[in-house]
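Could you build all of it, start to finish, from the sequences and the hints given here?
Top to bottom, those sequences are chains L and Y. The numbering of the first sequence is full-length UniProt numbering, which starts it at 1 and goes up by one. The numbering of the second sequence is full-length UniProt numbering, which starts it at 1 and goes up by one.
Hint data in this document are derived by calculation from the structure and do not stem from the laboratory. Note that CB positions come from ideal geometry on N, CA and C, so glycine has one too. One should not assume that every hint holds.
[Claimed, not checked] Below are the SDA-like pairs computed for lysine to any residue, each with C-alpha atoms no more than 25 Å apart in a straight line:
{"hint": "1", "chain 1": "L", "residue 1": "116", "chain 2": "Y", "residue 2": "86"}
{"hint": "2", "chain 1": "L", "residue 1": "129", "chain 2": "Y", "residue 2": "160"}
{"hint": "3", "chain 1": "Y", "residue 1": "73", "chain 2": "L", "residue 2": "61"}
{"hint": "4", "chain 1": "L", "residue 1": "296", "chain 2": "Y", "residue 2": "135"}
{"hint": "5", "chain 1": "Y", "residue 1": "121", "chain 2": "L", "residue 2": "248"}
{"hint": "6", "chain 1": "Y", "residue 1": "73", "chain 2": "L", "residue 2": "113"}
{"hint": "7", "chain 1": "L", "residue 1": "81", "chain 2": "Y", "residue 2": "53"}
{"hint": "8", "chain 1": "L", "residue 1": "129", "chain 2": "Y", "residue 2": "83"}
{"hint": "9", "chain 1": "L", "residue 1": "116", "chain 2": "Y", "residue 2": "90"}
{"hint": "10", "chain 1": "L", "residue 1": "129", "chain 2": "Y", "residue 2": "63"}
{"hint": "11", "chain 1": "L", "residue 1": "129", "chain 2": "Y", "residue 2": "239"}
{"hint": "12", "chain 1": "L", "residue 1": "129", "chain 2": "Y", "residue 2": "90"}
{"hint": "13", "chain 1": "L", "residue 1": "116", "chain 2": "Y", "residue 2": "83"}
{"hint": "14", "chain 1": "Y", "residue 1": "121", "chain 2": "L", "residue 2": "142"}
{"hint": "15", "chain 1": "Y", "residue 1": "63", "chain 2": "L", "residue 2": "94"}
{"hint": "16", "chain 1": "L", "residue 1": "129", "chain 2": "Y", "residue 2": "134"}
{"hint": "17", "chain 1": "L", "residue 1": "81", "chain 2": "Y", "residue 2": "90"}
{"hint": "18", "chain 1": "Y", "residue 1": "282", "chain 2": "L", "residue 2": "142"}
{"hint": "19", "chain 1": "L", "residue 1": "71", "chain 2": "Y", "residue 2": "186"}
[What the hints assert, rightly or not] Which stretches of chain Y does chain L cover? Using the computed rule of at least three CB atoms under 8 Å from a CB of chain L, they are:
{"hint": "20", "stretch": "39-53"}
{"hint": "21", "stretch": "201-208"}
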Amino acid sequence: MADTTGSDMKPGSFMSEKSAKIFVAGHRGLVGSAIVRKLQESGFTNLLLRTHSDLDLTNQADVESFFSTEKPAYVILAAAKVGGIHANNTYPADFIAVNLQIQTNVIHSAYTNGVKKLLFLGSSCIYPKFAPQPIPESALLTGPLEPTNEWYAIAKIAGIKMCQAYRIQHQWDAISGMPTNLYGPNDNFHPENSHVLPALMRRFHEAKVNNAEEVVVWGSGSPLREFLHVDDLADACVFLMEKYSGFEHVNVGSGVEVTIKELAELVKEVVGFEGKLVWDCTKPDGTPRKLMDSSKLASLGWTPKVSIRDGLRQTYDWYLENVVQKQQ
Amino acid sequence: MKPGSFMSEKSAKIFVAGHRGLVGSAIVRKLQESGFTNLLLRTHSDLDLTNQADVESFFSTEKPAYVILAAAKVGGIHANNTYPADFIAVNLQIQTNVIHSAYTNGVKKLLFLGSSCIYPKFAPQPIPESALLTGPLEPTNEWYAIAKIAGIKMCQAYRIQHQWDAISGMPTNLYGPNDNFHPENSHVLPALMRRFHEAKVNNAEEVVVWGSGSPLREFLHVDDLADACVFLMEKYSGFEHVNVGSGVEVTIKELAELVKEVVGFEGKLVWDCTKPDGTPRKLMDSSKLASLGWTPKVSIRDGLRQTYDWYLENVVQKQQ
Numbered sequence: 001m002a003d004t005t006g007s008d009m010k011p012g013s014f015m016s017e018k019s020a021k022i023f024v025a026g027h028r029g030l031v032g033s034a035i036v037r038k039l040q041e042s043g044f045t046n047l048l049l050r051t052h053s054d055l056d057l058t059n060q061a062d063v064e065s066f067f068s069t070e071k072p073a074y075v076i077l078a079a080a081k082v083g084g085i086h087a088n089n090t091y092p093a094d095f096i097a098v099n100l101q102i103q104t105n106v107i108h109s110a111y112t113n114g115v116k117k118l119l120f121l122g123s124s125c126i127y128p129k130f131a132p133q134p135i136p137e138s139a140l141l142t143g144p145l146e147p148t149n150e151w152y153a154i155a156k157i158a159g160i161k162m163c164q165a166y167r168i169q170h171q172w173d174a175i176s177g178m179p180t181n182l183y184g185p186n187d188n189f190h191p192e193n194s195h196v197l198p199a200l201m202r203r204f205h206e207a208k209v210n211n212a213e214e215v216v217v218w219g220s221g222s223p224l225r226e227f228l229h230v231d232d233l234a235d236a237c238v239f240l241m242e243k244y245s246g247f248e249h250v251n252v253g254s255g256v257e258v259t260i261k262e263l264a265e266l267v268k269e270v271v272g273f274e275g276k277l278v279w280d281c282t283k284p285d286g287t288p289r290k291l292m293d294s295s296k297l298a299s300l301g302w303t304p305k306v307s308i309r310d311g312l313r314q315t316y317d318w319y320l321e322n323v324v325q326k327q328q
Numbered sequence: 001m002k003p004g005s006f007m008s009e010k011s012a013k014i015f016v017a018g019h020r021g022l023v024g025s026a027i028v029r030k031l032q033e034s035g036f037t038n039l040l041l042r043t044h045s046d047l048d049l050t051n052q053a054d055v056e057s058f059f060s061t062e063k064p065a066y067v068i069l070a071a072a073k074v075g076g077i078h079a080n081n082t083y084p085a086d087f088i089a090v091n092l093q094i095q096t097n098v099i100h101s102a103y104t105n106g107v108k109k110l111l112f113l114g115s116s117c118i119y120p121k122f123a124p125q126p127i128p129e130s131a132l133l134t135g136p137l138e139p140t141n142e143w144y145a146i147a148k149i150a151g152i153k154m155c156q157a158y159r160i161q162h163q164w165d166a167i168s169g170m171p172t173n174l175y176g177p178n179d180n181f182h183p184e185n186s187h188v189l190p191a192l193m194r195r196f197h198e199a200k201v202n203n204a205e206e207v208v209v210w211g212s213g214s215p216l217r218e219f220l221h222v223d224d225l226a227d228a229c230v231f232l233m234e235k236y237s238g239f240e241h242v243n244v245g246s247g248v249e250v251t252i253k254e255l256a257e258l259v260k261e262v263v264g265f266e267g268k269l270v271w272d273c274t275k276p277d278g279t280p281r282k283l284m285d286s287s288k289l290a291s292l293g294w295t296p297k298v299s300i301r302d303g304l305r306q307t308y309d310w311y312l313e314n315v316v317q318k319q320q
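See the structure below:
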């Protein structure tokens, strides 16, 4: 049985290998693109990046061939099929199968082709619907999942377990990081299937541009949520690659909660919408609180740097340059 | 429940994955006895189910009408503890490849088989289907269990998204012909059988068994499982997985005494109470399957006799 209680920390070598080949799977998504930015800022010069059309990660033979040819030293697995409630409900087979295929192919081929260390990324969806708040790592598999994303969640849990199993059997350095709700550049601002923060930003922006009188938001505004800027997540990923070689997955949160009301008011202010913010209390609130317990990561020495106000401002600037202007 | 068509299609092509194992071989016997004439069978060396391209090519060429997925990497506590990566990865690969290629190549119905390991360590006894994912798994087989749970969920997801008929059956402890009688990594029933046989042949004075003998266990003869599989293929098209048990519990002491009697060992049976008992009770709640109209037929005494006869012909004689 693996030593799951001993030291999780091994002297790092990641940061000292600035020319080591690092494969960032999913480099064009919200998470992957932030990780690429962070690695580049940190001086890494040898990033191995492949678009979906160049490399289909669900294809076992292609993934094996890729790893066999390229032999990266490190892998950060940020590629996944993701989506909101509606997408999960409508395409559950895709959500479970594609994610299982990507993970199984990449983790196995990474191991067999001599990758030194792999970081697998998931999300807070892995935890039980009624997990204690804040949610500690130990809550994993202690109760039923949230039905609306159980397909994705099961796949991600299997990924964590694959990393652990390869660590035990092969003494291979595979770690897992589980971020809280993320926001930032490259997020999905689609009017129908984006998450709450980019949805609010888009709606306030459109209301400002159209001189609308008000924006109506569902619910009472009282549920508490945690948000982490994706640049902070990328920073945590580099930190974990350098400093963490433990068996257990690691929660990556900001520890900073806001009510949906506080969030909406902040977004309104950052966007500069001057009309009214109205709450439709006949609509459902969703879960009352969702906060990850990130004390394990804090005890390793990592803290987030991006305040929500600064993060929202930076995100809105990105939205204006990259989404709004491109539509014009 | 949907009106069945399986039993009326005796020449339909049926792929039984894992046809040489304990479960798969029993399913093949049952299908043949039932008059099915078109069984598609491939050994591991002919078809590596962990190879996505090979599995896709196989399904695309063969286009079976039905699939029974009884192929898996299985083993006891020691094997799971030593090879956890193999247990999770191989099973995920087999399942993902077979379920996906079966769907995309027009298979009409697929039955996925797992085991009672999928349930939480501290599930209520008897264990109902609803206990799934309600608590932590037994650590010694969590790798296998997670893979099997993912298989159940894949079947459910394909049913929702594609309205495809994929069902899952979860058997209790099985025994019968083609079981693993290896002295070091077999399960309790074949282990007892082998040990009593060897003690009889060697005129030993006694056989020592670990524990107090008091834990309760359920056993199902694999021919009953095969019968239940055919029943489910014919009659069940539900979302939820189905427990397949006998509902008949015995204490380890009762089991040991039965095996001793069936084998004909006349020495002493001694209990080493300093050794651990393991979990006090493990019984599946098979009332859902019973309410569908299925009951097991093989009594444990008859099942043990039949298994011992098989053991003598196929294991003992082959060693000579």
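Each hint, compared with the structure:
1. 116(L) x 86(Y): Given that 25 Å is the threshold and the Cα spacing comes to 19 Å, the pair holds.
2. 129(L) x 160(Y): Answer holds: residue 129(L) to residue 160(Y) is near 21 Å, not above 25 Å.
3. 73(Y) x 61(L): holds (21 Å)
4. 296(L) x 135(Y): Distance of about 23 Å is within 25 Å: holds.
5. 121(Y) x 248(L): holds (20 Å)
6. 73(Y) x 113(L): At roughly 23 Å apart (the allowed maximum being 25 Å), residue 113(L) and residue 73(Y) satisfy the hint.
7. 81(L) x 53(Y): The hint holds at about 21 Å.
8. 129(L) x 83(Y): violated (31 Å)
9. 116(L) x 90(Y): Cα-Cα ~22 Å, so holds.
10. 129(L) x 63(Y): With Cα atoms ~40 Å apart, residue 129(L) and residue 63(Y) exceed 25 Å; violated.
11. 129(L) x 239(Y): Holds, at about 21 Å.
12. 129(L) x 90(Y): Judged against 25 Å, a Cα distance of about 29 Å means the pair is violated.
13. 116(L) x 83(Y): Holds, because 20 Å separates the two Cα atoms, which is no more than 25 Å.
14. 121(Y) x 142(L): holds (11 Å)
15. 63(Y) x 94(L): Answer holds: residue 63(Y) to residue 94(L) is near 22 Å, not above 25 Å.
16. 129(L) x 134(Y): holds (11 Å)
17. 81(L) x 90(Y): Within the cut-off at roughly 22 Å; holds.
18. 282(Y) x 142(L): Within the cut-off at roughly 20 Å; holds.
19. 71(L) x 186(Y): violated (40 Å)
20. 39-53: holds (count 3)
21. 201-208: violated (count 0)
Hint compliance for this structure: hints 8, 10, 12, 19 and 21 are broken, all remaining hints hold.
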